[in-house]
Amino acid sequence: MKSTLLLTFTLVRCVLSHELHGTSLHPRSEAVSPSFGYHGLKGPTNWYGINPETNTLCAKGTHQSPIDVSSTGCGPKSANPVFHVPAVPEGAEFLNLGTTVEVIANGTLIKGSKMFNLAQFHFHTPSEHSVDGKYYPMEVHFVFQAQDQSLSVVGFLIDLETPSSHHIDASLLGTIAKSLERIQHAGDSTNTGALAFDKLEQHFAAHGTFQYSGSLTTPPCSEGVSWVVSCTPIVVRAADYLAFRDVIKFNARFTQNTPGEINLIDNAAKELQR
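Residue numbering for the sequence shown follows numbering that gives the first Met the number 0, beginning at 0 and increasing consecutively.
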């Protein structure tokens with residue numbers, strides 16, 4: 000009976016992992032052998048080709064992410080949703096998925112009357128979003144899901160710490176970076192040290208955000224994702240950035256077209272057919 004229940008649980012988990020692939024809400028199957036990547040035929044220009052049935056939006060969707068954020072489009076901080084991630088004094092599960100590294104944590108995002116629950120947060124090097132054409136060394140995505148299965152992602156651009164940015168707290172990323180040496184390879188997992196998010200919450204509340212309807216930045220590139228990008232970067236110490244970069248390597252999807260306009264892959268295909 001016990002083995003039957005275990006098998007049933009495993010099968011259900013695999014189904015969920017497939018349906019939510021790209022959100023990393025159920026990441027372990029991806030950690031064994033990622034079906035997509037960022038180079039060659041596994042890269043973003045061929046995500047549709049990897050699986051045309053599931054990845055159609057990667058090549059044809061018209062509200063794709065990431066995008067180039069205009070600083071003039073950053074709203075006032077009073078329009079920000081309520082972002083809360085409680086401290087994890089015992090540390091959190093930390094995994095290498097082969098395409099990124101992610102931390103499993105709890106938290107909430109309240110947008111109007113709707114509440115989203117945090118599933119995980121993960122990292123990209125370099126940043127996926129840009130601001131006025133400028134990229135940053137890193138970006139972290141906090142992935143939230145509501146009861147109706149809709150998704151919202153809070154993105155923080157991450158710049159290198161400088162003498163003039165010492166007032167921005169870098170300790171959260173520093174704590175996470177200390178555990179990277181234990182997850183050097185896809186499938187590795189460990190626990191972080193104690194994590195505190197109060198400084199990050201304060202940073203989010205104190206600065207405006209750029210909000211738009213986009214997509215997952217990984218296959219299947221599902222649309223209808225509510226994006227909230229903090230317009231003011233947080234910072235990482237140079238040594239910690241190098242630790243992230245050396246494990247994650249390059250994992251950023253190229254900037255997509257303006258939301259509502261033709262998909263860049265679709266446009267290129269049509270131009271080639273002329």
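Just so you know, these hints were derived from the structure itself, not from any lab. In this text, a Cβ means the ideal position worked out from N, Cα and C, and glycines have one as well. Careful: at least some of the hints might be erroneous.
[As the list claims (entries may be wrong)] Simulated restraints, written as ranges between beta carbons of each label pair:
1. Glu180 with Pro75: 37 to 47 Å
2. Lys59 with Ser163: 18 to 28 Å
3. Gly132 with Ser163: 16 to 26 Å
Here is what the structure says about each hint:
1. Glu180 with Pro75: 37 to 47 Å: Given range 37 to 47 Å: holds, Cβ gap about 41 Å.
2. Lys59 with Ser163: 18 to 28 Å: violated (44 Å)
3. Gly132 with Ser163: 16 to 26 Å: Between Gly132 and Ser163, where Cβ atoms are some 22 Å apart, the hint holds.
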